[in-house]
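J.: These are the residues of each chain, in order.
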Amino acid sequence: MPKHYRPAGKKKEGNVAKYVTRSQAVKGLQVTLPVFRKLCILKGVFPREPRKKVKGNHHSYYHMKDILFLKHEPLLEKLRDIRSYDKKIKKAVSKKNKDLAGRLLTRKPSYTLDRMIRERYPKFVDALRDLDDCLSLVHLFAALPAVDSTANGEKIPINRVHNCRRLSYEWQAYISRTHKLRKTFVSVKGIYYQAVVKGQTITWLTPHALQQVLSEVDYRILLTFLEFYEALLGFVNFKLYHSINVKYPPILDPQLEALAADLYALTRYFDARSARLGSLTPGSDQMELQQLHSNELGSLVQISEVANEDEEDEETRECKNLFKNMIFFLSPEVPRESLLFVISAFGGRLSWDGDGAPFDETDQSISYQVVDRPTLGRKFLTREYIQPQWVFDCVNARIILPTEKYMVGCICPPHLSPFVDNETEGHVPEYAEAIERLKAAQRKEVLPLPGSGKEDFDDPHSLAGIADRAEAIEVAKKRKEMAMLEKQHFDELSKEVKGYQIADIALDNEPMQDDDECLDQDLRQLEEDESRRAEALMGRKPRNILKAMRIGIQKKQDATQRLKKRQKQIKESQMLN
Amino acid sequence: MGKKSKSSRKGKKEWRKNISTEDVEDFLEISTEDVLSGGSQQKEPSFFIDKSVDLAAKKKIDKSRGKVLWSDKLLEKNPMVKIIPSSTTRKMKTNKNAKIVQAGENETTLQTRLKYQNACDSSLTDLWEDGKDDSRIKKKFLPSAIPAVEVEPSGCSFNPDSLNHQDALARAVADEMQKIYQQELGPKPVPSVAHAEVIDDELKYFLEADDACDDNEEDGVQISNTGAEIEKRVPKCKRVTRVELNRRARKKEHLMIEAEAKKVDELTKSIDDLPAILQAIEKEEEEKNKRYMRRRVAKAEKLKAHPPRLGKYKYQPTSLQVLLSEEKTGSLRKLKVSCTLVRDRFNSLEKRGLVVPSKKSGRKDACLKPEVLE
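In the order they appear, the protein sequences are chains A and B.
Under my numbering, the first residue of the first sequence is numbered 1, with each subsequent residue one higher.
Under my numbering, the first residue of the second sequence is numbered 578, with each subsequent residue one higher.
No wet-lab data here; the hints were simulated from the structure.
The C-beta atom is built at its ideal place from N, Cα and C for all residues, glycine as well.
Wrong hints could be hidden among the right ones.
What the hints assert, rightly or not - In silico lysine-lysine, DSBU-like type, Cα no more than 35 Å apart, as pairs:
id, chain 1, residue 1, chain 2, residue 2
1, A, K324, B, K913
2, A, K52, A, K38
3, B, K936, A, K564
4, A, K65, A, K53
5, B, K594, A, K556
6, B, K913, A, K547
7, B, K936, B, K756
To be verified - Chain A regions said to be covered by chain B (calculated; three or more residues, Cβ under 8 Å):
id, stretch
8, 42 to 54
9, 201 to 207
What the hints assert, rightly or not - Calculated from the model, a selection of chain A residues having no Cβ within reach of chain B, i.e. all distances over 10 Å:
id, residue
10, A8
11, E216
12, D363
13, A534
14, Q554
When you get a sec, could you build the whole thing from the sequences and use the hints?
T.: Written out as structure tokens, the structure reads:
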């Protein structure tokens, strides 16, 4: 008697029917494992975790629907065709039939990923949302050395590396041209950038320009991901370039190409396109991918501005004008590529030391020179010498910070992360507070002085302009004072009406203050009542969530209190010493 | 089956009679004649000159050298087609070696070039033209809610604020210590070399003697025990009288009545206790629900940090990349880049569940190992 009896004709049900192991899937699709892996990555099919792993814990399970989805994919047939074609080529090569092999190679079938991308990202916004990973991987491969064999025998073809470089420069050129960069953070791993494109926040990570060491990783998987992401980035760039009326793929000056001044060449191309008056046709310069030297980059000279002013919003304009009319010069030891990107994204102009640079070191109009040496040789008096951290900090703070702390030979103040919201964390580093004060100081100069002119303190917008917490407290106090004065005035009037003596009014000032406190207490009471009522109306689950939130907040506050105590103790001990 | 019927035995033994023995007799005749006459009458020469030639040692490959593909053979009729033999002799090979290698190189570079070109040849168009809307927009299954690029905490910057740096260092140290504790608290592995003393032959006998003594003692005790048991095992069998049987029956009835009464009592009690019971049930339900919620929340929390178990090996996160206190120079130029982003990106792919962790991915990489703080 069989143990598990299933009536004839009845299909499997439950987890067994829904999930298959990887080997079952490979057998079902009738492909080899590497082809299956490639297809999964390109199609976006990934293993899932079923509730009950029928065949054991050591398998990876795929959903049946995903596998059926793969089965009807035309790319599957294409990959099979390519495999059989490869066999033909191999046979011809082994039979020493060079002619046939050559002939076969010219007609090799290939596939394109357009349809795949369109399937996975039906709208452009979807593509933008997934651009984080894509950009990080492309930038990473742009910085890798192209080797013939890595640790596990996989090749990183040099053409792919060049393609990645080209795509990454195109993206950077677009971002810097349209001033969409918002935040940067230089960490040990690499440099994080954040930009806002069409309302989507995109964060990506680029490696430091130093030579990357290859580690033991499965490069086949990475290369498949890279293939997909290259295609995606190509299409995204195309769409973005067209949105600012620039032709894609851009045709660059071959001389600059040879000098590996890609980014500079791209921006020259941009300028040529946007200068519609001259209608320069760079058609005479034909693009030819030559062997590019690594670590040599171009700088950016903005000749004219982008014509799409109406699409810019408040932030973009702010970013554009940060480094306006500032001219930078980069020494050879600073990270040129990232500084080039960042400075031009915020409206600055710069040059560097090398062929093809827009201007020389001895140019008189240079206002800042970025150096990273312990000591300097000769100094020009007309310019300021700063360390590269100044640029990044200015960009994060969105104001021009004083350069005294960043001079050559000084130890710079700490480089803070703009991705961390200090308010929520509770602990505000000292330098962050200094920056806030500077910001507030700058804004005060712009705003009219408080007290003069009609300012409505109840208007939240005007309060929002004041960044510092101390300032807010002051404003609140003033509001109270004003209210108190009003009330006093009203009482006096009423008492006059009722015919009291003026002397009595003076005595009433003290209870006024008590009233004020009572008022405060009443307000507080009201608030508490409101909140309690709201809580009582909540269901059990949201109430528990609220409790958990409160506990979390309390914990954080305790932690910050502890830190502050320790800081105080350290300071005291230092003072004693 | 039964015995065969006694049929005629003509066929069975007939053959013995019917064999002709002519050739044997002829041979015997000839041989006796030869012996008697002192030589063969058939005139076989006893000495002769060997003029035969050995066949040339034919190599196996020569067999297949002559072979030609069937398809090529068919095309033989066409004078334009040149038949290519499957293998060539050594002389020709040495000349062609250099050429072949070059040809191979050219092919691969040609291959890669064409591959690259073909992949990028996809005509760049605006994929997301306005107005084109896919009618069947599938609900996308996101493997994980973890973002693709996670920004590190503030203490990992190249010039960190001291408190943030301490925070990040503490976290890194905690991770490392966790791993160390796990190793220490786990069961000790079996040692490859066991500590033992060398035992001489004389001592070996003594060891065995000790064991034998013990055995004897045990056996003796057992034997004595079994004797006593055997005695106890045979109790006296008494006859059950009618009195006894009646008594038993009455007792049984009593017991049954009592049991019923007890049941009724319990029922009434439980009916009285009904609200209490209901409350108890409610509490249990609440407990169950709470436990369920707790487990769900815990699972969701866990998913935010690492992927579900997708394959044979567990996911192992990379260590936090922080500058050691002594490496904190505050200068971008002096920043020692020791970690590779490749491993980090691969780990991110694993973390989001896009790649199943493999045996190799759990290995320690050459990243910074934090020191223990003072």
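J.: Confirm or reject each hint.
T.: Now the hints, each set against the structure:
no.	hint	verdict
1	K324/A / K913/B	holds, 33 Å
2	K52/A / K38/A	holds, 27 Å
3	K936/B / K564/A	violated, 45 Å
4	K65/A / K53/A	holds, 17 Å
5	K594/B / K556/A	violated, 118 Å
6	K913/B / K547/A	violated, 45 Å
7	K936/B / K756/B	holds, 18 Å
8	42 to 54	holds (count 4)
9	201 to 207	holds (count 4)
10	A8	holds, 34 Å
11	E216	violated, 6 Å
12	D363	holds, 24 Å
13	A534	holds, 22 Å
14	Q554	holds, 19 Å
Hint check: violations occur at hints 3, 5, 6, 11; the rest are consistent with the structure.
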